[in-house]
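Number of protein chains: 2
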Amino acid sequence: MTGTLSVIGLGPGDQRYLTEDASDALHAAEAIYGYRPYLDRIPIRSHQIHYPSENREEGLRAAAAIRHAVRGHNVAVVSGGDPGVFAMAAAVCEAIDTGPEEWRTLDVEFVPGITAMLAVAARIGAPLGHDFCALSLSDNLKPWELIEQRLDAAANAGFVIALYNPVSRARPWQFGRAIERLRRHLPTTTPLVFGRAVGRTDEQIKMVTLDAAETASADMATLVIVGSRETRVVVRPGREPLVYTPRAVAEVSA
Amino acid sequence: MTGTLSVIGLGPGDQRYLTEDASDALHAAEAIYGYRPYLDRIPIRSHQIHYPSENREEGLRAAAAIRHAVRGHNVAVVSGGDPGVFAMAAAVCEAIDTGPEEWRTLDVEFVPGITAMLAVAARIGAPLGHDFCALSLSDNLKPWELIEQRLDAAANAGFVIALYNPVSRARPWQFGRAIERLRRHLPTTTPLVFGRAVGRTDEQIKMVTLDAAETASADMATLVIVGSRETRVVVRPGREPLVYTPRAVAEVSA
Numbered sequence: 242m243t244g245t246l247s248v249i250g251l252g253p254g255d256q257r258y259l260t261e262d263a264s265d266a267l268h269a270a271e272a273i274y275g276y277r278p279y280l281d282r283i284p285i286r287s288h289q290i291h292y293p294s295e296n297r298e299e300g301l302r303a304a305a306a307i308r309h310a311v312r313g314h315n316v317a318v319v320s321g322g323d324p325g326v327f328a329m330a331a332a333v334c335e336a337i338d339t340g341p342e343e344w345r346t347l348d349v350e351f352v353p354g355i356t357a358m359l360a361v362a363a364r365i366g367a368p369l370g371h372d373f374c375a376l377s378l379s380d381n382l383k384p385w386e387l388i389e390q391r392l393d394a395a396a397n398a399g400f401v402i403a404l405y406n407p408v409s410r411a412r413p414w415q416f417g418r419a420i421e422r423l424r425r426h427l428p429t430t431t432p433l434v435f436g437r438a439v440g441r442t443d444e445q446i447k448m449v450t451l452d453a454a455e456t457a458s459a460d461m462a463t464l465v466i467v468g469s470r471e472t473r474v475v476v477r478p479g480r481e482p483l484v485y486t487p488r489a490v491a492e493v494s495a
Numbered sequence: 242m243t244g245t246l247s248v249i250g251l252g253p254g255d256q257r258y259l260t261e262d263a264s265d266a267l268h269a270a271e272a273i274y275g276y277r278p279y280l281d282r283i284p285i286r287s288h289q290i291h292y293p294s295e296n297r298e299e300g301l302r303a304a305a306a307i308r309h310a311v312r313g314h315n316v317a318v319v320s321g322g323d324p325g326v327f328a329m330a331a332a333v334c335e336a337i338d339t340g341p342e343e344w345r346t347l348d349v350e351f352v353p354g355i356t357a358m359l360a361v362a363a364r365i366g367a368p369l370g371h372d373f374c375a376l377s378l379s380d381n382l383k384p385w386e387l388i389e390q391r392l393d394a395a396a397n398a399g400f401v402i403a404l405y406n407p408v409s410r411a412r413p414w415q416f417g418r419a420i421e422r423l424r425r426h427l428p429t430t431t432p433l434v435f436g437r438a439v440g441r442t443d444e445q446i447k448m449v450t451l452d453a454a455e456t457a458s459a460d461m462a463t464l465v466i467v468g469s470r471e472t473r474v475v476v477r478p479g480r481e482p483l484v485y486t487p488r489a490v491a492e493v494s495a
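So the protein sequences, as listed, match chains A and B. Here the working numbering is used: position 38 in the first sequence is 279, and no number is missing along the way. Here the working numbering is used: position 87 in the second sequence is 328, and no number is missing along the way.
Hint data in this document are derived by calculation from the structure and do not stem from the laboratory. Even glycine gets a Cβ: it sits at the ideal position worked out from N, Cα and C. Fair warning: there could be bad hints in the mix.
[To be verified] Computed footprint of chain B on chain A, listed as stretches where at least three residues anywhere in the stretch have a Cβ under 8 Å from a Cβ of chain B:
no.: 1; segment: 258–269
no.: 2; segment: 315–326
no.: 3; segment: 354–367
no.: 4; segment: 372–378
no.: 5; segment: 384–392
no.: 6; segment: 395–406
no.: 7; segment: 473–482
[Unchecked claim] If you want the ones that stay clear, here's a sample from chain A, every Cβ over 12 Å from chain B, calculated:
no.: 8; residue: R277
no.: 9; residue: L280
no.: 10; residue: Y292
no.: 11; residue: E295
no.: 12; residue: R308
no.: 13; residue: V333
no.: 14; residue: R345
no.: 15; residue: N381
no.: 16; residue: S409
no.: 17; residue: R412
no.: 18; residue: A438
no.: 19; residue: T450
no.: 20; residue: D452
no.: 21; residue: S458
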């Protein structure tokens, strides 16, 4: 008997970002594993059991879900946003890579979702309209020195930068240091977009310039998009400004 | 009377990648503008008119849709994937930025979708599981020299790289040049994922190593994900390999 493991992206916030594919995969599961706040978003169906776990337990959660599926069940693991972006898909692959040989025979599928940077960008215009990168500021899993190298490289090369995990209780100083670092490379007028709890009732979207970026305005639920030298702000009477990065770059900067 | 313009992401391929939000926005529109093959995916409803246009007409399409909405209508513009990633959202913002003052008072919303790199990644594991960037190889809108600078910066700094628009009929050599450039920085064993027509019946997903990357295997409908030095391949008996980038980076490379 062979089980199935589905690694499913819920998108940010509420139901309206869920794809049909993700919805079908959720319905089909007998058991659903996930970080507690994500499971809380999903109604429990009579045939389903939820297995909530805490943050920073991704490896253990992946292994538990795989073990359950290998016993012949249809098991799901959920991520907020997209499971492939700083989330459970890599944790599941890692567990299969380093786990018992029989785990490699398991039927695994990954169901994409709307990742936070796409949802935040959509709320304010098109800041990711040209070349961009996604960078996690968490130094739980990589040295801080490497994060600074990547900030330097991305800002200098003209990429817009989406910062995931800008702050946490255990990492209060990283975001401030990242902002200082970016100020070495980018003009003070560079627009930054802070998106918090997108798609939820307490959603907040805010545009500030790099010189006025208050590091206090980011928390664990915030995604920050840092513009490039090309990113523009369109002021609109009686409406929030649009922030976008044009599709064309005229010249190579020095 | 005030109209509304919705810039909507259809996701890649078929209906199953559509979010509830995008589906609702499509239903509500009186007129839908888009690149012809994307419009062909949407059933025409009795109250709706479709306005197809050709590739590389993004600016004209955006202006036509805005003019239509400003006359008091509920108008949609569609993109495959996500409208904010190398697509119509930036074209619409650009048109508003440079167009008549009254366009700034228009009610505009952007509805995110599953962009190609997320769908391709999900088909093979989690290649975007750690820091990554998205780079368009089209030099219609930026100098080739800048594209090479960005390839150098991203590969050196250890980002996984998603290449959008790797080839077109008008740009036959760019992808080959990009591969040559990447070979300067990355080991020959670096995995590349070629994803073609994801979510469609003729979908093709293929993993190759950098030394064996045939530039002939990419076309206009292909998205290519180039691994970093950390990206790993999990060989599985009787199944396609998984490709993933681990969540943790142990050391800073020289």
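Should the label of A/L280 as a non-interface residue stand, given a Cβ cut-off of 12 Å to chain B? At roughly 20 Å from the nearest Cβ of chain B, A/L280 sits farther out than 12 Å, so the non-interface label holds.
Can you confirm whether chain B covers the segment 258–269 of chain A, using C-beta to C-beta distances below 8 Å and requiring at least three such residues? Since three or more residues must qualify, the claim that chain B covers the segment 258–269 of chain A holds, with 6 doing so at under 8 Å.
Are all beta-carbon distances from A/R308 to chain B longer than 12 Å? A/R308 is indeed farther than 12 Å from all Cβ atoms of chain B, at 17 Å.
With 12 Å as the threshold, tell me whether A/Y292 passes as away from chain B on beta-carbon distances. holds (20 Å)
If you count the residues of the segment 395–406 of chain A with a beta-carbon closer than 8 Å to a beta-carbon of chain B, do you get 3 or more? holds (count 5)
Whether chain B covers the segment 384–392 of chain A (at least 3 residues having a Cβ closer than 8 Å to its Cβ atoms): holds (count 5)
Within the segment 354–367 of chain A, is the number of residues with a Cβ closer than 8 Å to a Cβ of chain B three or more? holds (count 10)
Whether A/N381 stays farther than 12 Å from all C-beta atoms of chain B, as the label says: violated (8 Å)
12 Å cut-off, C-beta based - A/S458 kept clear of every residue in chain B: holds (22 Å)
State whether the coverage of the segment 315–326 of chain A by chain B holds or is violated, taking the criterion as 3 or more residues with Cβ-Cβ distances under 8 Å. holds (count 4)
Please check whether the beta-carbon of A/E295 is more than 12 Å away from every beta-carbon in chain B. holds (16 Å)
No chain B beta carbon within 12 Å of A/S409's: The claim holds: A/S409 sits with its nearest Cβ about 15 Å from chain B, beyond 12 Å.
In this structure, the hints that do not hold are numbers 13, 14 and 15, in rising order.
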